[in-house]
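Asker: Kindly generate the complete structure, drawing on both the sequences and the hints.
Single-letter residue listing:
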Amino acid sequence: MQDQTAAGAAGRRKRLAITQEGIVVARLTGMPVRPVTVAQYVISGLVAYLAGLVIVASNSGLNTRLYNSTLVYDVLLVGTLFSGMTIMNLSCTTRNPIKSLVLLAALIAETLINPRDGQTPQQGDI
Amino acid sequence: MKTRHVLAGALKRNLFYGGDIRFGDRSVRYRVPRQAVRDGIVYVTEDRKLDGFFETMSIARNIQMGHLAMGSNPLGLVSMAEAQQLAESWWKDLNIRAIGADAKVLELSGGNQQKVVIAKSLVQNPRLVIFDEPTRGGDVGSIVEIHNFINRLADSGIAVVVILSCLPEILAPSDRILVARQGQIVEEMRAAGATEERIMYAAVH
Chain A
1 MQDQTAAGAA
11 GRRKRLAITQ
21 EGIVVARLTG
31 MPVRPVTVAQ
41 YVISGLVAYL
51 AGLVIVASNS
61 GLNTRLYNST
71 LVYDVLLVGT
81 LFSGMTIMNL
91 SCTTRNPIKS
101 LVLLAALIAE
111 TLINPRDGQT
121 PQQGDI
Chain B
1 MKTRHVLAGA
11 LKRNLFYGGD
21 IRFGDRSVRY
31 RVPRQAVRDG
41 IVYVTEDRKL
51 DGFFETMSIA
61 RNIQMGHLAM
71 GSNPLGLVSM
81 AEAQQLAESW
91 WKDLNIRAIG
101 ADAKVLELSG
111 GNQQKVVIAK
121 SLVQNPRLVI
131 FDEPTRGGDV
141 GSIVEIHNFI
151 NRLADSGIAV
161 VVILSCLPEI
171 LAPSDRILVA
181 RQGQIVEEMR
191 AAGATEERIM
201 YAAVH
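So the sequence lines, in the order shown, correspond to chains A and B. Last residue of the first sequence? That's 126 in full-length UniProt numbering, and every number before it is there in order. Last residue of the second sequence? That's 205 in full-length UniProt numbering, and every number before it is there in order.
Calculated directly from the structure, the hints in this document are not laboratory data. Treat the numbers as computed from the prediction; the structure is a model and nothing was measured. No false leads were slipped in.
Sample of chain B residues with no beta-carbon within 10 Å of chain A, all distances over it, derived: (1) Asp175; (2) Gly183; (3) Ala194.
Partial list, computed: chain A residues near chain B (C-beta under 8 Å): (4) Gly22; (5) Val24; (6) Val25; (7) Arg27; (8) Thr29; (9) Gly30; (10) Met31; (11) Pro32.
Beta carbons are placed, not taken as given, at the ideal position from N, Cα and C, and that holds for glycine.
Answerer: Have a look at this one:
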């Protein structure tokens, strides 16, 4: 029985290899090319689903505090800044330093207001 | 649209204008070659580089692929030992000249590659074999060997259709010769009464 299963696995693996090798040849030889391709997609979809479950399980224990955070306002602020610069018709080379200065200032302000103590998890810690 | 491709399932028969193909005593219409292979029709391709063999695989692997595609076991289980043995026996039977059954097909000469393609098809226990230009690109020795093999095959009771366009070769493996011109069969003759001149006359006039 063990041997049979091993042979079966080998057969399926070989079928996969054969469809990769040359679909035309495999088709003419009489391999079920379409079912194998469909099965490939279905199996990889299922595996991705499992991986998603694992990630969700490992992350759900962590409070990411998305609703309470000011992230939404940050995004709005930066968005306004960007569109403002577009309206003022600034070139790309001038926009980049302005962006980086604003973000740097925000980061410095954040560290001054909420100094990290290493005990409470902050947003973005995963 | 070639009749041989339709017959082997590589192309679908046109439902309305495709005529009728009878195999045994029933009308057949294959959607994929797999169905034709299951019914015992195999097609040895004309352009072996394009759709004849799996080029990165060894001789034994190629033959095993044919065996696997035959679907002798509905669950797709194939005993490795059995497959290996089958490959070895076919390799010897067709007298494929290579270092061993594990040599890469790409490294073989044209005639020997053709033999691999033939072995890959014949391992599927066919009832009808369609050879499409089986000697194309083969050397003199392997052409004779392939002809002999086709004769042996026909003697063993398998229906064999050989499609050839090289006139001097036609007489050697044939029992019955059908001459086609522009998609129509224009002449039928027995091998005993056939000469190159008669065939050429039928093909041209």
